[in-house]
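Participant: Put together the whole structure using the sequences plus the hints.
Read off the chains here:
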Amino acid sequence: MLRRTAYTLLVLAVAGAATACGRAAPDAEVAASSRGPITVWLSNNAQEVAWGKKMIAAWNERHPDEHVTAQQIPAGKTSEEAISASIIAGSTACLVFNTSPASVPTFQKQNGLVPLSDFPDGDAYITARGGALTDQYRSPDGTFYQLPWKSNPVMILYNKKIFEQAGLDPEHPRLATYDQFLETARTLVHSGAAKAAIWPAPSSEFFQSWFDFYPAFAAESGGKQLVENGTPQFDSPAGRKAAAFWRTLYAEKLAPQETYPGDALNDGKAAMATVGPWAVAAYKDSVDIGVVPVPTSHGTPPQDTYSFSDEKSVAMFSACRNRATAWDLLKFATSGQQDEAFLDETGQMPLRENLLASYPDFFAKHPLYKPFALQAEHIVEVPNVPGSIDIWQAFRDAWTKSVVFGEESTGTALRKASDRIGKLLDEYGDPA
Amino acid sequence: MTHLTPTADGGRTSRKGAAARLGRIRSLTGMLFVSPYVLFVFAVFAVPLVYTVWISVHRFYFTAPGTHVDAPWVGLANYRDVFTDPVVGRAFVNIAVFLVINVPLTVILSLVLASALNAKIRFRSFFRAAYYLPYITASVALVAVWQFLFGTDGFVNHALGSLAPDPSWLVNSHLAMPMIAFFVTWKQLGFFVMLYLAALQNVSKELYEAAAVDGAGRIRQFFSVTVPGVRPATTLVVIYAIITGANLFSEPYLLTGGGGPDHASVSPVLLMYQKGIEQGHPDFAAALGVVLVCFVLVISLAARKLTERGN
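Going down the list, the sequences are from chains A and B. Going by the working numbering, the first sequence opens with residue 24, and the numbers climb by one from there. Going by the working numbering, the second sequence opens with residue 69, and the numbers climb by one from there.
Treat the hints with caution; some may be incorrect.
Cβ-to-Cβ under 8 Å is the rule here; a few derived chain B residues that face chain A [claimed, not checked]:
no., residue
1, G219
2, G325
3, Q347
To be clear, the hints were calculated from the coordinates, so they are not data collected in a lab. C-beta atoms are modelled at their ideal positions from N, C-alpha and C, and glycine is treated no differently.
Facilitator: Here you go:
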């Protein structure tokens, strides 16, 4: 009896473990035409959640047989980590309205994404909605694995009150050239108006360069990506100027080397920040803000200044069993009407051409968003190449060592990073 | 009707048989009691360890369910990548720095404090609880306090004035790892004090009395009676401190912003997380994990030999 009980326990344990490990995947052909209830994930931005709930309510009212449930992306250090873990577990939502383009090659490699180009009207819909802006989002095999949804073009936000305290003109800040920016930064800090002129995260996570180097490089180079045609672009005069500019900020302690445990602009510790339009709504009750383009060495006119897009896409994940419903919802959520509602609720820019002409009422009512809409016409995306995260990590390691902590000259660090990234591109291009 | 056949040696054999049956029942009962733990160890330790070794010799990445992706055998290629990565080397140097500070400090402070708390002093219970409090408090909360203390604009730098280090404590490549070692020593001290307090209860009072009769003062008694008397506990403390120290993760992750500045406080486990989870290279992370297991085993065995020498 005891022996039988022991064996039964063992069999149950092994069976349980086997069931837990045996992950079932939906049949792609069946799922492609299948309709029914689905789940979608939204970012945890309060305004996006508010828009998402209204959008889903509108969908559910019209489609009672294809009920959609919205949840926020599970907590994690980054959304990408949570999504990657859920791909492996087979528990991803059908659609994620916060997919970083830098992670798309990784998700693709994990077989976690549904190619949107496989839907009969997939390519046509995506290109019709985003126009020429969508080209940067095609994967190297020519397929769309993401629908480029909205951008948060990075600009310089500044606290008008702090500028005033430092004796600077808050309506016409001198921030167009590197020299002007540095002079303004010195005045802000030396006057005691702010602890830091600007306080981007100095830490070494791969994505942090999107908010210091990359906007500056995009502006200085006139819209170059980090990697183009399989070659790193930043070991160039534009890259070296952008790095030297940031090095001066750190060396003169105008930008701190420590991570701020919160929001430095919101807390009045920093006078400026590199952020997108999402911040306008976030700061509206706490900071009187102004917006200017990212500086360049010679002061590029605002209408010609490029910046990093900080774009987020919508992607469909392979755990989805009712993909026909998911595709219809994706089109519904990115329709002209919903894009207007999204812009109105969040202030973030739907990835469409001619935003100012498309939504004149909104920009007349909210003039602070106009510079972002103009900037959205001149955006640079992260390169859509295999090994994207490794490439950014290699760059970030060189950046923290040289620019943030000054342990190596910026020129040497950029050259070494360029060589390293060149090798990574070769390895990923030829995995054998 | 059942016929009972008497045995040749009377009741002796049947008694033997009954004893054997009882032994088997006891053995099976024992197996039944230990089986949940055996299954637990099998599921959460043995299987993952074997799987880790397997991953470390293949080109491997995690994929969606039901996906067939080749995981070719690559031999020791992942280990070669681990040993040639300068950040890995830095992580092991960092851990060595950490252990050199943390382990002796832990042993000395916890033994001295345990001896003090074992004596009849006022507010003894209060002090025991006070030393234990950091151990049971979440690292996240304590890290916030340390950032407040040791930040550039923190309390300590204000107190030091012009003597404050530049760059500040937590972003200084020479001070970041020692700061983590001090933080962990302070946080875990309560636990090790408890271990020593338990061990001190087994040191006979007669030994102290005999030493006193021989003219030994308090310090001589400490070195000649207390230290040898708690040697088994010291072995435990040293090995436990080495194992927990080598598996350092939360502190560099939280206190120095992910192993900064410029990898000056990165640890092997943090690197495994960054490579395996953040950057999608579980094969590299697995090879690093195997190297770390070997490193911890060697250091722990050496420490055991050292602390048990002369027993």
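Participant: Evaluate each hint against the coordinates.
Facilitator: Verification of the hints:
no., hint, in the structure
1, G219, "holds, 6 Å"
2, G325, "holds, 4 Å"
3, Q347, "holds, 5 Å"
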